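S.K.: Single-letter residue listing:
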Amino acid sequence: MRKTIEKVYMGIILVFMYLPIVTMIILSFNSSKSRAKWGGFTFDWYINLASDSEIINAFANTLIIALISTVVATIIGTATCVAMMGLHKKSRSVIMGITNIPMINADIVTGISLMLLFRFLHFNAGFITVLIAHITFNIPYVMLSVMPRMKTINPSVYEAALDLGAEPFFAFRKTVLPDLMPAVISGAMMAFTMSLDDFIITYFTKGSGFDTLSTKIYSEVKRGIQPEIYALSAIIFIIVIVLMVGSRQLKARNSAASSKKEISYEKRKGLSKKTILLLAAACGVIVVIGLTFGGVFKTEDNQVYVYNWGEYIDPEVITMFEEETGIKVIYDEFESNEIMYAKIASDNSAYDVICPSDYMISRMIQEGMLQELDWNSLPYASENIDPNYLESAASFDEGNKYAVPNFCGTVGILYNKTLVDDPVTSWDILWDEKYAGQILMQDSVRDAFMVALAKNGYSINSTDPAQLEEAAAELIAQKPLVQAYVIDQVRDKMIGGEAALGVIYSGEALYTQRENSDLEYVIPDEGSNVWLDGWCITRDSKHTENALKWINFMCREDIALMNFEYVTYTTPNLKAQELIEDETIRNSTVAFPTEDTLSRCEVYTYLGQDADELYNELWKKIKAAD
Amino acid sequence: MAKELIRLEHVSKSYDGNMILDDLNLSIHENSFVTILGPSGCGKTTTLRIIGGFETPDQGRVIFDGQDITNLAPNKRQLNTVFQKYALFTHMDIAQNIAFGLKIKNKTDAYIKDKIKYALKLVNLEGFEHRMPDSLSGGQQQRVAIARAIVNEPKVLLLDEPLGALDLKLRQDMQYELIRLKNELGITFIYVTHDQEEALTMSDHIVVMNQGYIQQEGSPEKIYNEPENAFVADFIGDSNIIHATMVQDKLVRILGANFSCVDTGFGINTPVDVVIRPEDVELVPRGKGTLPGKVSHVIFKGVHYEMEVEAGGFEWLVHSTRMAQVGDEVDISVDPFNIQVMNVPASEDEEAIEIDV
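Residue numbers (our numbering), protein chains in the order written: chain A, 1 to 626; chain B, 627 to 983.
Hint data in this document are derived by calculation from the structure and do not stem from the laboratory. Please read these numbers as outputs of a predicted model, since none were measured by experiment. Take the hints with a grain of salt, since some may be wrong.
Said to hold, decoys possible - Across the chosen pairs, the derived CB separations fall in these ranges:
id, chain 1, residue 1, chain 2, residue 2, range
1, A, I153, B, S761, 14 to 22 Å
2, A, P155, B, H636, 27 to 35 Å
3, A, S349, B, D684, 54 to 62 Å
4, A, P155, B, Y737, 50 to 58 Å
5, A, V242, B, G790, 26 to 34 Å
6, B, H636, A, L116, 50 to 58 Å
7, A, L177, B, Q704, 43 to 51 Å
8, A, I153, B, E905, 42 to 50 Å
9, A, P155, B, F963, 26 to 34 Å
10, B, T890, A, G86, 33 to 41 Å
11, B, Y737, A, I153, 30 to 38 Å
Heads up, the beta-carbon is just placed ideally off N, CA and C, and yes, glycines get one too.
All chains should be modelled from the sequences, with the hints used to inform the complete structure.
M.R.: See below:
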C-alpha cells in the first residue's frame, strides 16, 4: 500500500515536471497550427525549420558562442583551480565563494552590469560582447566541477614528476591533467549547456544585428509562437538532455574510478581519449557550419540597421533588397513598442530604420528621437500609399513628416457562428451574461479600455478621469463573464472553439478564418481602434541614405504584396492591394475595411505621462478584481 | 671520514609567521644513511623538501657537492625523492612509471628496458612491469616508488616517511630491504621519520629535531646512550628523566639518595637532569641498593617484564627479565656508567621544548 502511494506520488511529480515539455514535443508534430486541435502527424515544422535561414543563423551563432565560450572558460577555470591549490585553505574557500556568487546572482543583474560595463568601455555590442559575457558566466561552472576533483589529487604526484626531471608544464600535463580530465570534461559540458540555455545575459549584451536562438525565439513572440519553434525547442531539449546525461555519466565513472580501485586502466584511458577526439571533431564541424552560415565575422560599411516587429516581414524581401541594392541589412526584431523605445532611448544610432506604432511615433516625435523624411527619395511611397491612411497617420504625425505607413489594422470582435446566435453589432455583447465564461479579452491596457470607452460612446483616447473611472467600473463588472485576459491565445482558443467571443486584431482574424471557417470578424457600430505603424528614421542614423532606400523598397507594390501575404495585416499600399490574386481576400472587409467603417475608428494617440499613470492605476485595479 | 655532499647553511623558513626552521646548519656526508628524526611539526619534512627543491628557504643556502643549489628547480637537481604516499602515476603501468624519468633524459629504449628490469629485481618485484599501481599492495607500491627513483642514479635518495603507511610487519621487512638497497647502490640516503625504532635500526647518523632546531646528532648508539637533553632522552626510547643535584664530581643526589656516577665538571651542588634507561635500573633486595621502593605495576612484554616502582616519590620505569610481585619491597640500584647527567635547560627555547614534551 505504502509502496503504491509512493509510486503514485512520484508519478505525479514527474508528470508535473515533464508534462509541459511532452506537450510541446507532441505539438511539434501537430499539422494544425492550433494548440487545441490535433490535425494529424507531420514533420513539416521540422522541415520548415531547416529552411528558415534566420533560425539556422541564430542556431549557428548559439553553437559558436557556446563552443568558444566553453573552451575558453574551461581553460581559464581549470587554470584557476590549479592556481588556487597553491593558496591557503582559508583564502581558497574565500575565492571559491566569490567565484560562486555569479552563479547564484540573478541573471538580470549579471546581464545589466555586463551591458553597462561594455557600454562604459565603448565596446560595440555584438558577437564579441556576447562571447565575453558567456565566458564570464561559464567559468564558475567549470570551477564547480573541477575543484572537488582537484582537491583529491595528491600533490606529491606532481612533485614526483618534477623530481624525475620533468619541466613544470610537462609534469602537470602528464600527471595532474589525466586525473583531472573527467571533471574538466563534465565541467565543459555543464558550461556548454549553460551557454546554450542562456537568454537574459545574451539579451542584454547582444546589441543589434546579432541573435542567438533564445533571443531569436523571444523576438518572435509578437506574432505568437509558431509551431516551428516547438520543433526547435524539442531539438534543444534533446541536446540538453544528451549533454546532461553525458556529463552525469562521466561524473559517475569519475567517482567510481576514485572509489573502486580495480577499475581497469584501459577503460578509463580509452574513454577520455575517445571523448576528446569526438569533442574535437564536433567542435570542428560546428565552427565550419557556423562560419559558413553565421557570417559572424563579416564586416561591411554599406549597411542599414533595421529594427522591426517580430515576424513582420517576408524574409525573402530582405534578401531581395540586399541583392538589388548591395546594401547589407542588419535586421533585428522587437516585441513591443516599449522595448523598442527603451533601446532607441538608450542609443539613438543603434538602428537606422524602425517601425513604431501610431502613439509611439507621436511620442518619439515629441521627444525629438526621429528625423524628418526626404519624400523626394521615396517615389514608391508617394505613389502607392493610400491617401486615406496618410491622412490617418497625420493625426499623430502632422504633415506626414516622420513616418511612412507600413501596416495597419483594426480591433474588433471575433465570434464563432455556431456558438453565438445573436447578431454581433455592438461591444455590449461582451457584457451579455449568456456568454459567461466564453469571452476573451485582450491583455493590454489600451485595448481593454478602448472596448469599454467605445461601448459608452467616449473617445478611445479619453483622458477624462470620470470617463476612465466609468470604463474601469464596466470592465470590473464584466470580469466574472470573462474566460481570460490573453494576447495571442485569442487566436488559438477561437480556432479550437474554446470560446465564443474574443477581442482580436484584424490581421489575426484573417488568419483564424483560414483555419476555422465558423469564425466571423466584426467592427462594432460604436467604433473601434484603427492602428497604424510606419517606417521612421532615427535622429542619429548613420546610414540615412540607405534607410530611405529601404523604406522606398518596402513601398514597391510587389514587395508590399509579399509582405502582406506573409503578415496578413492590412497594407496601406493601394497598388499592392490591386495585385492580390485571391478575390475573397482582395475584397475582404476584414483586410481592407470600408471608408465608412474606418470613419468610425480612431487612431491611438500618445496621452501624456499623467494619463498614462491613471490608465495603469485603474488597470491594476481591474486585474486585481475578482 | 667520507666527503661532505650536502650542507645546509643558516637555513630559515616560516609559513604565515610560524617559524618552521630557525637558522639550521646541517652537513651530510657521501654514502651515509642519515635519518632526520622528530615529532610531527618539528621541521624534518620541510628540511627534506628544501633539499629536494620543493621549498625555497627564506634565508640561508643549500650547498650540493660544492655548488649552491638554493634556487635550483627540483627537476634540475641530482637527487630523487620517495614520497610518503608513494605518488605513483596511477594512469601508467609499473614499467611506464619507472621509465618516466629516463624518457625525459632521452635514454634509449634498450637502456630503459634494462634499467626497469634491474630496478624491479632490486626491489623484488620481477614480472610486475605491466601491472597497474592500483592493483598493488602498499608495500609493493612503495617499492615501485623506490625503483622509479633509483633508476635515475641519483647521488642522494630522499625518503619522506616512506614506510609510514605500511603495517608493522611490512615496515620491519622494508627496513632491512632499505639497508640492503643502500649498501648495494652505494649512495646517500636521507630518511625522514618520526619512528625512533626505524631511525635506530637503519641509520649511520641520526639528526634529532624539534621545533625547528637540531637537538642532537650522532650515531644511533651515541644518541641512545648519551642523550644531550631531556627531549632527546624522552624521544629516543623509554627513559626515567629526573631532576637531581650534582653534589660533586662523580656523585649525584637523586630523590634524596646519593648515587655514584662517572660524570665530572658540573661543579658543586649544581641542579641537573639525569637520564636512566629502564633496562639499566636494577631491583635488589631491601637494604642492598641505594633507594628504597615498592613495586606498583607489572606487565609481561615477552622478552622482558615492564614494571613500575614507586621510590622517592617518583614512578620509576624498569625493564627486567626477572619478575617481581606487585607490593614487593625492593631497593633501586644503578651502575655508575648507566647514569647520564645533563645540564638543566638554560634558554627559554630549550625550556619550551621541555614543556612541549
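S.K.: Decide, hint by hint, whether the structure agrees.
M.R.: We went through each hint and held it up to the structure:
1. Range check, I153 of chain A to S761 of chain B: about 20 Å between beta-carbon atoms, so the 14 to 22 Å window is met.
2. Between P155 of chain A and H636 of chain B the beta carbon distance is about 28 Å. The supplied range of 27 to 35 Å therefore holds.
3. Remark: the range hint 54 to 62 Å for S349 of chain A to D684 of chain B is upheld by a beta-carbon distance near 60 Å.
4. Checking the proposed 50 to 58 Å range against P155 of chain A and Y737 of chain B shows it is violated: the Cβ atoms sit about 31 Å from each other.
5. At roughly 47 Å, the beta carbons of V242 of chain A and G790 of chain B sit outside the given window of 26 to 34 Å.
6. The hinted range of 50 to 58 Å is satisfied by H636 of chain B and L116 of chain A, whose Cβ atoms lie roughly 56 Å apart.
7. For the pair L177 of chain A and Q704 of chain B, the beta carbons lie near 27 Å from each other, so the given range of 43 to 51 Å is not met.
8. Distance hint check: the CB atoms of I153 of chain A and E905 of chain B are about 47 Å apart, consistent with the given range 42 to 50 Å.
9. Judged by the Cβ atoms, the range 26 to 34 Å given for P155 of chain A and F963 of chain B is violated: they are separated by roughly 49 Å.
10. Range check, T890 of chain B to G86 of chain A: Cβ separation about 55 Å, and the 33 to 41 Å hint is violated.
11. Range check, Y737 of chain B to I153 of chain A: about 31 Å between beta-carbon atoms, so the 30 to 38 Å window is met.
When held up to the earlier numbered hints, the structure conflicts with 4, 5, 7, 9 and 10 and fits the remainder.
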